[in-house]
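Respectively, the protein sequence lines represent chains A and B. Numbering-wise, our numbering puts 26 at position 26 of the first sequence, and it's gapless, one number per residue. Numbering-wise, our numbering puts 97 at position 97 of the second sequence, and it's gapless, one number per residue.
FYI, nobody ran anything at the bench for these hints, they're computed from the structure. Be aware that one or more of the hints could be misleading.
If several chains are the same, the list does not tell them apart, and a pair holds so long as it fits within one copy or across any two.
Claimed, not checked - In the SDA-like style, the derived pairs of lysine to any residue whose C-alpha atoms are separated by at most 20 Å in a straight line are: (1) Lys102 to Ser117; (2) Lys188 to Arg148; (3) Lys3 to Gly89; (4) Lys8 to Glu60; (5) Lys102 to Thr116; (6) Lys8 to Glu52; (7) Lys102 to Asp118; (8) Lys51 to Gln22.
Bear in mind the structure is a predicted one, so any value in this text is a computation, not a measurement.
Number of protein chains: 2
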Amino acid sequence: MGKRRDTKSRMLETAAELVQRQGYASTGLNQILESSGAPKGSLYFHFPGGKEQLIALALEKSSESLSELLEQVLATAPTPELALEMITGYFGSQLESSQFTKGCPIATVALEQSATSDALHEVCSRTYARWQSAIAARLVREGQTAERAGELASFILSTIEGALLLCRAHRSVEPLRRASTELARTLKGL
Amino acid sequence: MGKRRDTKSRMLETAAELVQRQGYASTGLNQILESSGAPKGSLYFHFPGGKEQLIALALEKSSESLSELLEQVLATAPTPELALEMITGYFGSQLESSQFTKGCPIATVALEQSATSDALHEVCSRTYARWQSAIAARLVREGQTAERAGELASFILSTIEGALLLCRAHRSVEPLRRASTELARTLKGL
Chain A
1 MGKRRDTKSR
11 MLETAAELVQ
21 RQGYASTGLN
31 QILESSGAPK
41 GSLYFHFPGG
51 KEQLIALALE
61 KSSESLSELL
71 EQVLATAPTP
81 ELALEMITGY
91 FGSQLESSQF
101 TKGCPIATVA
111 LEQSATSDAL
121 HEVCSRTYAR
131 WQSAIAARLV
141 REGQTAERAG
151 ELASFILSTI
161 EGALLLCRAH
171 RSVEPLRRAS
181 TELARTLKGL
Chain B
1 MGKRRDTKSR
11 MLETAAELVQ
21 RQGYASTGLN
31 QILESSGAPK
41 GSLYFHFPGG
51 KEQLIALALE
61 KSSESLSELL
71 EQVLATAPTP
81 ELALEMITGY
91 FGSQLESSQF
101 TKGCPIATVA
111 LEQSATSDAL
121 HEVCSRTYAR
131 WQSAIAARLV
141 REGQTAERAG
151 ELASFILSTI
161 EGALLLCRAH
171 RSVEPLRRAS
181 TELARTLKGL
């Protein structure tokens with residue numbers, strides 16, 4: 001069992017990393033097998049639903065650890081502005097150290113596949129909803145009503161996701177720095 | 001010459017539409033030829049640089065007409081808030097009428113290809129810079145300094161691009177509506 005679980009985990013981690021860098025369509029099953037060193041038979045043994053199931057589970061897993069990180073930062077940072085500064089700083093350093101190949105781990109698949117694959121739409125939508133809830137929870141703690149906190153959290157998440165996209169397009173972290181500064185102003189003015 | 005130009009234009013329009021819906025990697029040359037009804041030989045005749053060149057020119061062309069529309073709305077709307085409301089309203093209706101397959105025409109390629117293709121990075125980056133300049137120009141007219149207008153325009157573009165992404169992920173126009181309302185508040189408070 002230990003070995004089987006190892007193979008499965010390795011395949012999921014490799015798939016998540018490849019998809020973050022190059023998207024869903026460019027990531028072939030053979031590339032996942034080769035990069036993870038998994039035997040060919042393991043694919044349909046672990047993922048009878050094929051590529052769609054494998055990538056959905058990979059995104060689920062990679063977004064789980066990022067969600068936990070975001071939730072922890074949002075819950076413990078001294079102010080929400082500082083939480084957003086830490087989060088955008090984290091994404092910025094990921095972008096710079098990967099030559100702008102690693103932005104949001106699910107955004108490329110969300111754009112490529114949300115309209116056509118229900119399984120991938122479902123995992124992307126649920127993940128974004130979870131991040132939005134984590135931001136909203138912190139704003140409620142700062143005194144916002146649940147409704148207003150949800151609205152602001154949607155706006156904040158849009159700004160960060162768009163900045164991550166523009167950083168990749170421009171190969172520069174400037175849009176993310178600007179997003180962080182402007183969101184801090186917005187939060188201070190509440 | 002007329003017929004040749006027609007074939008080339010048809011191929012570019014078809015490619016732009018396919019790429020907007022499904023991204024770069026999923027769009028095959030055969031699909032572009034079949035959907036545009038172009039003869040096979042026309043591909044390397046018109047686009048000796050192959051798929052990368054064809055898609056770069058297609059994005060160039062499709063973003064040109066969108067850029068003109070955005071510039072016109074930003075230049076002529078009674079207030080910048082109203083301009084953003086018209087722009088997000090336009091994108092929202094495009095999303096709804098296409099079952100959430102048509103968001104930003106260049107975002108998917110920007111995420112898939114910016115890090116690896118210089119030609120595609122260049123056209124995406126230039127297009128986003130042009131949209132940002134159009135927003136900034138309007139803010140200068142409203143009395144902002146050029147520097148501050150540029151900063152705000154970066155923030156506004158990030159928010160709209162992120163909202164377009166979240167609309168596709170959630171199959172809902174709610175993030176775009178929220179972005180428009182919050183950006184209007186920001187602009188009114190300047």
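Quiz item: Looking at the structure, which of the earlier hints fail to hold?
Solution: 3
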